[in-house]
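Quick note, the sequences are listed as chains X and Z, same order.
If you count the first sequence from 1, position 28 lands on 27 in numbering that gives the first Met the number 0, and the numbers rise without skipping.
If you count the second sequence from 1, position 588 lands on 587 in numbering that gives the first Met the number 0, and the numbers rise without skipping.
Calculated from the structure, these hints are not laboratory results.
It is possible that part of the hints are untrue.
Between beta-carbon pairs, the in silico distance windows are [stated by the list, open to error]: (1) X:THR19 / Z:ASP613: 58 to 68 Å; (2) Z:GLY176 / X:ARG84: 40 to 50 Å; (3) Z:GLU476 / X:GLU54: 32 to 42 Å.
Covered, in the sense of this in silico footprint (three residues per stretch, anywhere, with C-beta under 8 Å from a C-beta of chain X), are these stretches of chain Z [unchecked claim]: (4) 4-17; (5) 167-176.
Calculated pairs, DMTMM-like style, for lysine to aspartate or glutamate (alpha carbon to alpha carbon, straight line, at most 20 Å) [to be verified]: (6) Z:LYS155 / Z:ASP631; (7) Z:LYS113 / Z:ASP133; (8) Z:LYS564 / Z:ASP484; (9) X:LYS79 / Z:ASP11; (10) Z:LYS27 / X:GLU41; (11) X:LYS125 / Z:ASP101; (12) Z:LYS263 / Z:ASP133; (13) X:LYS20 / Z:ASP246; (14) Z:LYS144 / Z:GLU21; (15) X:LYS20 / Z:GLU85; (16) Z:LYS106 / X:GLU28; (17) Z:LYS27 / X:GLU28; (18) Z:LYS265 / Z:ASP203; (19) X:LYS20 / Z:ASP25; (20) X:LYS125 / Z:GLU21; (21) Z:LYS236 / Z:GLU29; (22) Z:LYS106 / X:ASP15; (23) Z:LYS389 / Z:GLU586; (24) X:LYS79 / Z:ASP65; (25) Z:LYS106 / X:ASP24; (26) Z:LYS106 / X:GLU54; (27) X:LYS20 / Z:ASP610; (28) X:LYS20 / Z:GLU174.
Each residue gets a CB set at the ideal place from its N, CA and C atoms; glycine is no exception.
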Amino acid sequence: MTEIEFVLNGKNVTIDVDPTKRLLDVLREDFGLTGVKEGCGEGECGACSVLVNHEIVSSCLMPVGNAMGKDIVTIDGFSKTERYRVIHGAYEDEGAVQCGFCIPGMVIATESLLNKNPDPTEDEIKDALSGNLCRCTGYNMIVSAVLRAAERGKGLW
Amino acid sequence: MSDISRSINKQDTNAKTSGSIEYISDMKIEGALHARTLRSTMARARITNIEFPEIPTGYYIVDRSDVPGMNRVKIIFDDMPVFAEEEVRHIGEPILLVVGEDRAVIKEIIDGIKVEYEPLVPEFGYVNSVIHYDYEKGDGEKYFKDGSRIITGEYKTGYQEHIYLEPQGIIGIFEDGKSTVIGSMQCPYYIKNAVVQALGIENDKVRIQQAATGGAFGGKEEFPSLIGCQVAVASMKIGRPVRLIYDRVEDIESTTKRHPSLIKFKAAVDEDNNIRAMKVHVSLDSGAYIGLSGVVLQRAMIAASGVYTIDNLSVSGDVFETNTVPNGAFRGFGAPQMFFAIEMFINHVAQELGEDNLEFRSRHLAKQGEATSTGGHFRDPIIMNKMIDKVMEMSDYKTKRKQYSAKDDFRGIGMSWYLHGCGFTGSGEQKHIKAVVRLRKEKDNTVTVLAANTEMGQGAFTTLRKIAAGVLEIPVERVIYNNPDTDLVPDSGPTVASRTIMIVGGLIARAALKLKEQWVDGEEILIEERYKQPDYVEWDDETLTGDAYPAYSWGVNVAEVEVDKATYEVNIRNLWGVYDIGKAIDERIIIGQIEGGLLQGVAYGTIEVMDTKDGRIRQRNVTDYIIPTACDCAPVETVIMDNPFPLGPYGAKGAGELPLVGGAPAVALAIENAIGKKVMKIPATPEYIMELLEND
Chain X
0 MTEIEFVLNG
10 KNVTIDVDPT
20 KRLLDVLRED
30 FGLTGVKEGC
40 GEGECGACSV
50 LVNHEIVSSC
60 LMPVGNAMGK
70 DIVTIDGFSK
80 TERYRVIHGA
90 YEDEGAVQCG
100 FCIPGMVIAT
110 ESLLNKNPDP
120 TEDEIKDALS
130 GNLCRCTGYN
140 MIVSAVLRAA
150 ERGKGLW
Chain Z
0 MSDISRSINK
10 QDTNAKTSGS
20 IEYISDMKIE
30 GALHARTLRS
40 TMARARITNI
50 EFPEIPTGYY
60 IVDRSDVPGM
70 NRVKIIFDDM
80 PVFAEEEVRH
90 IGEPILLVVG
100 EDRAVIKEII
110 DGIKVEYEPL
120 VPEFGYVNSV
130 IHYDYEKGDG
140 EKYFKDGSRI
150 ITGEYKTGYQ
160 EHIYLEPQGI
170 IGIFEDGKST
180 VIGSMQCPYY
190 IKNAVVQALG
200 IENDKVRIQQ
210 AATGGAFGGK
220 EEFPSLIGCQ
230 VAVASMKIGR
240 PVRLIYDRVE
250 DIESTTKRHP
260 SLIKFKAAVD
270 EDNNIRAMKV
280 HVSLDSGAYI
290 GLSGVVLQRA
300 MIAASGVYTI
310 DNLSVSGDVF
320 ETNTVPNGAF
330 RGFGAPQMFF
340 AIEMFINHVA
350 QELGEDNLEF
360 RSRHLAKQGE
370 ATSTGGHFRD
380 PIIMNKMIDK
390 VMEMSDYKTK
400 RKQYSAKDDF
410 RGIGMSWYLH
420 GCGFTGSGEQ
430 KHIKAVVRLR
440 KEKDNTVTVL
450 AANTEMGQGA
460 FTTLRKIAAG
470 VLEIPVERVI
480 YNNPDTDLVP
490 DSGPTVASRT
500 IMIVGGLIAR
510 AALKLKEQWV
520 DGEEILIEER
530 YKQPDYVEWD
540 DETLTGDAYP
550 AYSWGVNVAE
560 VEVDKATYEV
570 NIRNLWGVYD
580 IGKAIDERII
590 IGQIEGGLLQ
600 GVAYGTIEVM
610 DTKDGRIRQR
620 NVTDYIIPTA
630 CDCAPVETVI
640 MDNPFPLGPY
650 GAKGAGELPL
660 VGGAPAVALA
670 IENAIGKKVM
680 KIPATPEYIM
690 ELLEND
């Protein structure tokens, strides 16, 4: 067991934990942040995406030991922000949400993209979302939602 | 009143984008233990002995000796055991559960269990037929003897894995003599009936609750009945709640998939180049247990003539049992296999006859009033000609088809025509399902829909609420639809077979009409409606003849592709579709169904490769089993044409499965156009395309 300190959704946290435990499990089990989903456990599907120092990371691939000193944001924290409100509205208006299991990860991927590139092209969006699998929508409505979020959220990113 | 098709926001989007909605793995259940499955490592063997390590206190083994009722999962054929008996019949077959608090300890126990097997000879080919059906329309035999030109074709389709993003998961609770099962599912009452049989207890001692379900596509139709029984047995034995949540590897290795198939055609063509008679045979690989395979076979067989009228048709089919993971329901349910095959065959026949494929297909296209494959009738208007004209105009089909036919132009365009029978095949609704729905008007003038149909992303709750609100002329916000709980809602049937809007929505619309007539502010009123088969439907279960479905939805797709000259990878450039689903209850929801279904169909035809070696599935994760990413999606242009079905709510027919059906044949025909070779199997991988081009 090791004491790991990091910032989680804006708050300083400390946890005494096996440092090899997956960040995904720590978030879901120890912190009860179940907005982070496990879809494949191998870093392919993106359902467990979180932001680590504002970079998108698959939390199933990251041992919690690597979180030491980092700033981690999950959907549970991000959903309290103005940027989330814009992204959510765009997803809703485009009908981009079906079963919803990939969506917290998609929203995190959207934030990660817009944070770097507030005015992305369609190809840039597809590229940015390509690490997040969705089996329901065929992606076009999600791509449109990201375009719409970028347009509505001018100045936020 | 505004048009019903105008889209509204879904009731659950907010909870889904914020991550606050609870899927089964997110639920915190006091005192719940984890379970993990010990599985067969042999394709076929007799279990001679199981040696256990020391089991620590608080950990449990649950196997067939713990099943108080019948150790069989009630599906259609009760052939699948809840836990393996003496003989295991496929790799991954569940033998027992290890249950306890700590998942690491559970894993140690599982690793320490030694199962001794006496190997038996497994079968992997189309050898052991366990179900055979045939049906006959007209009398075609003479055309195969009178000197007509005989053209044959043989087509193969592969597995398809659902990859719903949320893996299977279920929780069992046993309290005060009552078993409650909560989970990710399509069909609460299927699980209820299965648990009643496995526990051998009264009907009112079993309660099933649906949790938010993260995609299903048929994969959560019958499979959850198996794991529902397992956790029900485990929680009853142990007296504490038991959670069985699969990870992706376990899900891919051990849950149902789309049946691989082999489909053979033989057509007799007269001197005017018309098909006078056709013989078709379908082989489906069911895997180790039959499950729903017989019903899947029927839907495949009934689709044997596609959208074409063939006066003399002789169709047969077999379900072959093999020692591989059992196959089952998957969006389309046998139709995607057959529509790939018939669309390729009809084009190949035209090609052999030296005819223009469009002209040849149009001449055979079914018209209103003509007999269906099973000798029923297409009663309602068929607007395919209008749809085909539209899609050709949208895609500039004719010009491109000609242009891409030039040798060494690796671009191609292809068009598929298809239909999908809405609702259960034959007398299923009337004889087996007998759907019941209720509407309860509350004192506060809200209306609760009481039905067992589930939301799994397809928008059922929103659509069904819209239907009720529309008929009642009240705001949709005043109609409530909660996740089904069998203690609270009647059995309105499973959420499958493109039946939810047309059948269940139809019952809701009728109930709403009655409620409107009886409406009194401030009073509680309960209305019940039961399914009644339309009078015109006549079906014979023995001969498989008559009206197989009360209505048909129709579709046409065009796919435009470019095949890479060096790698033979297929790049999907554009997709177009025109659909007749009667009437869209919510346009945006329908477009979501269409775009998602179409991409699943296109991927089924191209990139989704799954195979077995010595009975073992070789693809273990989404790293090996490739589904499309955002970079693989092409622009999709969709037109929905109204053609209201008189008995559907607002004229609606089924729409959930239809859009998957046309994807594979459209893209396979486009590949043919690009490479100038006949595509005889899907997925049409780069390796297969290379083989076609090199075997010149």
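Status of the hints after comparison with the structure:
The given range of 58 to 68 Å is broken by THR19 (chain X) and ASP613 (chain Z), whose C-beta atoms sit roughly 34 Å from each other. Here the CB-CB span from GLY176 (chain Z) to ARG84 (chain X) is close to 48 Å, well matched to the stated 40 to 50 Å. For GLU476 (chain Z) paired with GLU54 (chain X), a C-beta distance near 40 Å keeps the hint of 32 to 42 Å intact. Under a criterion of three residues with beta carbons nearer than 8 Å to beta carbons of chain X, the stated coverage of the region 4-17 of chain Z is upheld, 10 such residues being counted.
By the rule of at least three residues with a Cβ nearer than 8 Å to a Cβ of chain X, the coverage given for the region 167-176 of chain Z is violated, with 0 such residues. About 24 Å separates the Cα atoms of LYS155 (chain Z) and ASP631 (chain Z), which puts this hinted pair outside 20 Å; it is violated. Proximity of LYS113 (chain Z) to ASP133 (chain Z) is assessed by CA-CA distance (about 46 Å); at most 20 Å being required, the pair is judged violated. Note on LYS564 (chain Z) and ASP484 (chain Z): the hinted pairing is violated, with a Cα-Cα distance of about 55 Å set against a maximum of 20 Å.
For the hint pairing LYS79 (chain X) with ASP11 (chain Z), the CA-to-CA distance comes to about 18 Å; that is within 20 Å, so the pair holds. Distance hint between LYS27 (chain Z) and GLU41 (chain X) is unfulfilled; the C-alpha atoms sit about 24 Å from each other, more than 20 Å. Our distance criterion of 20 Å between C-alpha atoms is broken by LYS125 (chain X) and ASP101 (chain Z), whose separation comes to about 40 Å. A threshold of 20 Å between alpha carbons decides the hint, and for LYS263 (chain Z) with ASP133 (chain Z) the separation of about 14 Å falls inside it, so the pair holds.
A C-alpha spacing of about 16 Å is found between LYS20 (chain X) and ASP246 (chain Z), which places the hinted pair at or below 20 Å, so the restraint holds. For a cut-off of 20 Å, the pair hint linking LYS144 (chain Z) to GLU21 (chain Z) is broken: about 64 Å separates their Cα positions. With a C-alpha separation of about 39 Å, the suggested pair LYS20 (chain X) and GLU85 (chain Z) falls outside the 20 Å cut-off, and the hint is violated. For the given pair, LYS106 (chain Z) sits about 18 Å from GLU28 (chain X) by alpha-carbon distance, which is consistent with the 20 Å threshold.
Of the pairs offered as hints, the one joining LYS27 (chain Z) and GLU28 (chain X) holds, with about 10 Å between alpha carbons and a cut-off of 20 Å not exceeded. Proposed proximity of LYS265 (chain Z) and ASP203 (chain Z) is contradicted: the alpha carbons are some 53 Å apart, above 20 Å. Taking the CA atoms of LYS20 (chain X) and ASP25 (chain Z), the gap is about 19 Å. The hint holds against a cut of 20 Å. The straight-line distance between the Cα atoms of LYS125 (chain X) and GLU21 (chain Z) is roughly 28 Å, outside the 20 Å bound, and the hint therefore fails.
Taking the CA atoms of LYS236 (chain Z) and GLU29 (chain Z), the gap is about 17 Å. The hint holds against a cut of 20 Å. Among the hinted pairs, LYS106 (chain Z) with ASP15 (chain X) is inconsistent with the structure: their alpha-carbon atoms are about 23 Å apart, more than 20 Å. At most 20 Å may separate the alpha-carbon atoms for a hinted pair to count; LYS389 (chain Z) and GLU586 (chain Z) meet this at roughly 19 Å. For the suggested pair LYS79 (chain X) and ASP65 (chain Z), the alpha carbons sit about 48 Å apart, so the restraint of at most 20 Å is broken.
The hinted pair formed by LYS106 (chain Z) and ASP24 (chain X) meets the criterion: a straight-line CA distance of about 17 Å does not exceed 20 Å. Annotation: proposed proximity of LYS106 (chain Z) to GLU54 (chain X) is violated, straight-line Cα distance about 33 Å (limit 20 Å). Restraint check: the Cα-Cα separation between LYS20 (chain X) and ASP610 (chain Z) comes to about 33 Å, which exceeds 20 Å; the hinted pair is violated. Note on LYS20 (chain X) and GLU174 (chain Z): the hinted pairing is violated, with a Cα-Cα distance of about 34 Å set against a maximum of 20 Å.
Comparing the model with each earlier hint shows violations of hints 1, 5, 6, 7, 8, 10, 11, 14, 15, 18, 20, 22, 24, 26, 27, 28; every other hint is respected.
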